[in-house]
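Q: Next come the chains, spelled out residue by residue.
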Amino acid sequence: MNELLELYWTFLKIGCVTFGGGYAMLPILERELVDKRNWTTMDDLRDYFSIGQCTPGIIALNVSTFIGEKRRGVTGAMAATLGFLTGPIIIILIIAAFLTNFASLPLVQHAFAGIRVCVCVLIIQAVLRLWKKSVVDPFTLALYLIIFVLNAFSGVLPVKVPAAVLVVCAGVAGITASLIRNRRTGSGQTGKEKEEK
Amino acid sequence: MPTLLQLMLEFAKTGLFSVGGGLATLPFLYEMSDSFGWFSHADIADMIAVSESTPGAIGINMSTYAGFTTGGIPGAFLASLALAFPSFIVILIIARFLAKFRNNPHVEGAFYGLRPASLAMISAAGLNVAKVALVNLDAYAASGAISDLFLWKAIILGVMIFVGQRKLKWHPVVFIAISAVAGIVFQF
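Protein chains in written order, with this note's numbering: chain L, 22 to 218; chain X, 2 to 189.
Derived from the structure by calculation, the hints contain no laboratory data.
Be a bit skeptical, because a hint or two may be false.
Claimed, not checked - Pairs of lysine-lysine residues, derived as DSSO-like cross-links and limited to a Cα-Cα distance of at most 30 angstroms, are as follows: (1) L/LYS91 - X/LYS101; (2) X/LYS101 - L/LYS153; (3) X/LYS170 - L/LYS34; (4) L/LYS154 - X/LYS101; (5) X/LYS14 - L/LYS181; (6) L/LYS153 - X/LYS132; (7) X/LYS14 - X/LYS101; (8) X/LYS168 - L/LYS153; (9) L/LYS34 - X/LYS14; (10) X/LYS14 - L/LYS153; (11) L/LYS154 - X/LYS154; (12) X/LYS14 - L/LYS91; (13) X/LYS132 - X/LYS14; (14) X/LYS170 - L/LYS154.
Looking at chain X on its own, in the form it has when it is part of the complex (with noise of 0.2 angstroms):
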């Protein structure tokens, strides 16, 4: 029980600090999985693959899947709930006031210095997806060479979606889909 109550309150944090949509909960997300264990810096990575692949926003997802594996069914809709609490609360005041707070100067002065905030630590989580994705630090420490950080496969696959997305401008999960292939078939 206390870990479920623990789960709720760092879900509530999340969903009461992340500004700006779903990739702003994944600093957060990165702090869970540091202090509590919860799931691993990989989860965090396949549950973005998840939530671009399926409905719903990758906060909603993580504390759905979180909740599940640390509590079960009712520990997924209770991180679910406590991730969406904050912000019910918060536009249940805003809906009242709702012109007062679209002129005022401060909440634009705000957003001023949270815009480049949030993406910091999107690029911050992008470094950490990246650490698991593209490179093997423990092959790199065990060898010492070079050649062994980088994982080759990945990084070509990786520029070839990059340019492709740019390209082809195809829904995102048809990329997820091509990478999955793709790391069977070459046995990522």
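Chain L with its partners taken away, still in its complex shape (with noise of 0.2 angstroms):
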């Protein structure tokens, strides 16, 4: 019970100071988890890390599960995936309240105008930095093409995909485009090829 509330306690606030989540979370992690506490191990966190970003979902929840399951099995999971729930749902409480009584004045917002075009330039900043390891060659450059325009334009498009369907079509169109070229190399590495490029 008492390793339960440690892990749930820990979550907890792990959630409440990792801002940008994802990797802007990981020396956190290292000092809470690693140095501290003597949890897991550096080498363990980094491959909770790579499989957290390959399965659905955010990224810092999946490192929360994995790390409580490791300690103390599903309930173990539960308190740690809480624990890191708990801090963002109260901050987004508290500014969603706020919202509500006064998003109406024009001093918010004009404010809220501005962070719209701080937005717009992040987003665009974070594309950029993701593009070098996404689109690696002329497939999955015209996977890219196919996919924004189909979800970007779909107000216009006769057919509009829902985005879960265009994730699966993706994810199949990316085995076979590997299956395809393994068996013409004949060799089984496309996929670590393509990650050391």
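Using the hints, build the complex out of the two chains.
A: The structure is reproduced here in structure tokens:
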């Protein structure tokens, strides 16, 4: 019971200080989980991250579930995941209550109009950052363009393809393309080679 | 009550299909906005900013926000738990077969396709934010003049932030604060 509480409490603290999510929380996790508590090793942590990235859902949550399950099985996973969720939920509840009361103020509206410009730039930066790792050859470029058009212009296209369908199709297309390439070159290393590029 | 159930289903779907971190939830949020109207496109842009300035991922924040606006505090908790549930189950399963999952060539293959797909949908989300932040489609439709289409003050600010971020590498929250002040001072 004590360790469950400790799991919950530790991840509650981590959830309250991880700005930006994803890799931003790696150093914090390293300090809290590897250095202070010896719950896991840096190598394991990196593994959890790479798996958390290629499974559905939010990376930070996935890592919490992983470590909780490693310590105390399913109940541990629940304690860690709920702990991580607690902080953000409470903070957003406060902000949501604020927004619903003050959103109509001209001052707040001007501020958010300015902020939206910044958000736009942040997304462009994220796209530029991810581009090199994602679009590595003609196949991935074609996939990028097709999905961009289908998703961005769904309003004017005759058919609207749900994002979930696009995700599943892209996964299947990736597997198929890798298999075809492997058969042609006779090696099983396509995925690894892509990683290194 | 049916709305709350619908809300949970939609966020569970988001949790199941958004691969590759926070921004990957955006296409699902835009779909939800279009089909159910729980929040507007502008709300999504605002929530991205809130998420960059507070702890926690955009997905959790948006589920909490949408849950709160449609179902109060219970709605906030239920929607967030629904978002977290699918990945929770997936990770529990993977934790048991960790080594096998790491070395499976099909997982690599799937990611070869999923990475550009996820990026394409993030780009589309960026376009959606730009539509709210940088152009005024209503004014353009009314006057037909190209000069009315673009919000020039916003575009100048955007270019400055883009250059500033590349050069200075400050935390995003700093630029968000600067943009908020600019928005107030220059009456965006």
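Q: Indicate, hint by hint, whether the structure satisfies it.
A: Verification of the supplied hints:
no.: 1; hint: L/LYS91 - X/LYS101; result: 17 angstroms, holds
no.: 2; hint: X/LYS101 - L/LYS153; result: 28 angstroms, holds
no.: 3; hint: X/LYS170 - L/LYS34; result: 26 angstroms, holds
no.: 4; hint: L/LYS154 - X/LYS101; result: 24 angstroms, holds
no.: 5; hint: X/LYS14 - L/LYS181; result: 17 angstroms, holds
no.: 6; hint: L/LYS153 - X/LYS132; result: 26 angstroms, holds
no.: 7; hint: X/LYS14 - X/LYS101; result: 26 angstroms, holds
no.: 8; hint: X/LYS168 - L/LYS153; result: 20 angstroms, holds
no.: 9; hint: L/LYS34 - X/LYS14; result: 28 angstroms, holds
no.: 10; hint: X/LYS14 - L/LYS153; result: 29 angstroms, holds
no.: 11; hint: L/LYS154 - X/LYS154; result: 34 angstroms, violated
no.: 12; hint: X/LYS14 - L/LYS91; result: 26 angstroms, holds
no.: 13; hint: X/LYS132 - X/LYS14; result: 26 angstroms, holds
no.: 14; hint: X/LYS170 - L/LYS154; result: 21 angstroms, holds
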